[in-house]
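Generate coordinates for the entire structure from the input sequences, incorporating the hints supplied.
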Amino acid sequence: MEKNESLDLYYQMVIIRRLEEKAAELYQQGKIGGFLHLYIGQEAVSTGLLSVRQPEDRVITAYRDHGVAVNMGISPDEIMAELLGKASGCSSGKGGSMHLADVEKNFFGGHAIVGAHLPLAAGLALADQYKQNKSITICLFGDGSTNIGYFHEALNLSKVWNLPVLWVCENNKYGMGTSVERSSAVSEIQIKASGYNMKSDQVDGMNIIKVRHTASRMLAEIRDGGGPQLLEVETYRYVGHSMGDPERYRTQAEVIKWREDDPIGIYRNHLINEKTATGMELDEIDRNAEQVINKAVLFAESSPEPAPEDLFAHIYNEKEGEVI
Amino acid sequence: MARITMREAISQALWEEMERDPNVFIMGQEVGVWGGTYAVTKGFYDHFGEKRVRDTPISEAAIIGSTIGAAINGLRPVAELMTINFAFSAMEHIVNEAAKLHYMFGGQMELPLVIRTPGGGGRQLGATHSQTPDVIFAHFPGLIVISPGDPYDAKGLLKSAIRSNDPVLFIENATLYQVRGEVPAGEYTVPIGKSSVKRTGKDLTLITYSKMLGTSLKAAEELSRDGIEVEIVDLRTLRPIDMEPVINSFMKTNRAVIVEEGWKSFGIGAEVAAQIYEKAFDYVDAPILRVAQKEVPLPYNQYLEQLALPQVEDVIRAVKETING
Numbered sequence: 001m002e003k004n005e006s007l008d009l010y011y012q013m014v015i016i017r018r019l020e021e022k023a024a025e026l027y028q029q030g031k032i033g034g035f036l037h038l039y040i041g042q043e044a045v046s047t048g049l050l051s052v053r054q055p056e057d058r059v060i061t062a063y064r065d066h067g068v069a070v071n072m073g074i075s076p077d078e079i080m081a082e083l084l085g086k087a088s089g090c091s092s093g094k095g096g097s098m099h100l101a102d103v104e105k106n107f108f109g110g111h112a113i114v115g116a117h118l119p120l121a122a123g124l125a126l127a128d129q130y131k132q133n134k135s136i137t138i139c140l141f142g143d144g145s146t147n148i149g150y151f152h153e154a155l156n157l158s159k160v161w162n163l164p165v166l167w168v169c170e171n172n173k174y175g176m177g178t179s180v181e182r183s184s185a186v187s188e189i190q191i192k193a194s195g196y197n198m199k200s201d202q203v204d205g206m207n208i209i210k211v212r213h214t215a216s217r218m219l220a221e222i223r224d225g226g227g228p229q230l231l232e233v234e235t236y237r238y239v240g241h242s243m244g245d246p247e248r249y250r251t252q253a254e255v256i257k258w259r260e261d262d263p264i265g266i267y268r269n270h271l272i273n274e275k276t277a278t279g280m281e282l283d284e285i286d287r288n289a290e291q292v293i294n295k296a297v298l299f300a301e302s303s304p305e306p307a308p309e310d311l312f313a314h315i316y317n318e319k320e321g322e323v324i
Numbered sequence: 001m002a003r004i005t006m007r008e009a010i011s012q013a014l015w016e017e018m019e020r021d022p023n024v025f026i027m028g029q030e031v032g033v034w035g036g037t038y039a040v041t042k043g044f045y046d047h048f049g050e051k052r053v054r055d056t057p058i059s060e061a062a063i064i065g066s067t068i069g070a071a072i073n074g075l076r077p078v079a080e081l082m083t084i085n086f087a088f089s090a091m092e093h094i095v096n097e098a099a100k101l102h103y104m105f106g107g108q109m110e111l112p113l114v115i116r117t118p119g120g121g122g123r124q125l126g127a128t129h130s131q132t133p134d135v136i137f138a139h140f141p142g143l144i145v146i147s148p149g150d151p152y153d154a155k156g157l158l159k160s161a162i163r164s165n166d167p168v169l170f171i172e173n174a175t176l177y178q179v180r181g182e183v184p185a186g187e188y189t190v191p192i193g194k195s196s197v198k199r200t201g202k203d204l205t206l207i208t209y210s211k212m213l214g215t216s217l218k219a220a221e222e223l224s225r226d227g228i229e230v231e232i233v234d235l236r237t238l239r240p241i242d243m244e245p246v247i248n249s250f251m252k253t254n255r256a257v258i259v260e261e262g263w264k265s266f267g268i269g270a271e272v273a274a275q276i277y278e279k280a281f282d283y284v285d286a287p288i289l290r291v292a293q294k295e296v297p298l299p300y301n302q303y304l305e306q307l308a309l310p311q312v313e314d315v316i317r318a319v320k321e322t323i324n325g
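In the order they appear, the protein sequences are chains A and B. Start counting the first sequence at 1; every next residue gets the next number (the numbering used here). Start counting the second sequence at 1; every next residue gets the next number (the numbering used here).
Derived Cβ-Cβ restraints for the label pairs, each shown as a range:
1) A:304 to B:46: 53 to 61 Å
2) B:50 to A:197: 18 to 26 Å
3) A:55 to B:124: 54 to 62 Å
Using 35 Å as the maximum straight-line C-alpha spacing, the simulated DSBU-like pairs for lysine-lysine come out as follows:
4) A:295 to A:105
5) B:42 to A:134
6) A:199 to B:51
Hints in this document: simulated from the structure, not taken from any laboratory. Glycine included, C-beta positions come from ideal geometry on N, C-alpha and C.
And the structure:
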């Protein structure tokens, strides 16, 4: 990896961390409404995974989508504006935290119903297979969604039709407050792939180098026509499921233990140990990221609310109130 | 003009649109090798091949979910659900994804998706396979719901639906597949979201759609012998509903009966009557009546089933009651 690429990965992870911390603050101030699911602790998963994609690959994820949005190149300005419901947000203020997207960048959105976007991912891949494109669809979802029917229907269809999909389960150990052990017949999620005769692997999601290594190998096999695969990424969210989570289901000691494996800290040490960058260079990136996020907040707060007539815009694709 | 069946009309629309646009493809249970459980896609698999006529597992959420994914990624899928009763297994994807993606992402995603599905009762299929739940789907903004009553409209509306960039639920009444009607040989389309006056009359407005169009036309003939001339408005599209021809007709006749195959409570009739009261209250000369299915799960027994479904005599009775008071 080139030095600037290595540092860009660090920058993306820090941007996600700062963005999420700021979002939590704005939520507590009442400036962000609805639900807010933070990605703190999981930054290495999407950053590593999406750094080895090709530009033509399609990406779709669940509602914990801010990190993916950053990695897909949506500006922090547009993300923050969407969180504040502003017209300048990436979904025009209509979607909110759970529905960030930028189709032109091949990011087909955060989706708020657990598991429901998995069949959509199969369809994205079907369209590319149909048109003989080289694109792969990368679909992220949580451990909780592997217990709903959509997961099984989508994995089955993808295997039956040999669709180019990388299924990526972010196993952060809890579906809301219910642990994997209490909700899934198998706690090693990748085993579920065997029911569909599908190749799978497992990787430490706190280490971005390992995520990149495993994901790029699997993507290469899929791009060669090998069919869909399932990647289980072991990770952990340091904060609650959403804001206002009482966190009665886990101990502080458990959270502290995982915090020792902070994905940003691990990567920072790696960069310094490998002499890719000095601590001072990385501190400079930290300060820069902080400024970018502060600027994003200013942009979002000073952006106008959607106009009242926007209420009726985009119900149908044809002109407002009119269809063919 | 040739007199062809509804099945042939729908089949022609699909065939022509697939010939016209290589991005149009069909997928669903038994649409390919079998030829469609109602034989609508008979011959398609041999002509268009397995890439464009795709047999799926019995997996409704995957069928609808993946056709949504294919639609937002540049294809124009026509999904087939074997019956509308199976749409409940794909409810999440129809109402929470198809109806919402365009709006929820600020207009970024286009969904040129058609979901074709047969519905309706009267074939002794029992309570779970005989429903007319059209109104449930018509409740959701963002979805287009079409249900044609004759072969001409079926062909023209299906072609419009396939060319539309919005998600369309296209409901075909299974007992109409054998019904014949005049369909021109050449290319034509019928606009989505436009009601149509199917019979003119001065005494009362009958508002209906799908199979009940035929029932209403039969009732109208018999009523004509008694000197009562009803005007019939076929809604054709349930969402977005086109009330203009209904209101225009009602302002002339001042009386209305709504005929639908589904249950009366919270139904299409309730919606249409409410809109007439809202928009033309000064023209109301008599209470607006509804003819609809009895409030029971449809039984298997053929006599009981027919007792539950709206019949020509029910329409005649309601019209006479409205006119005579």
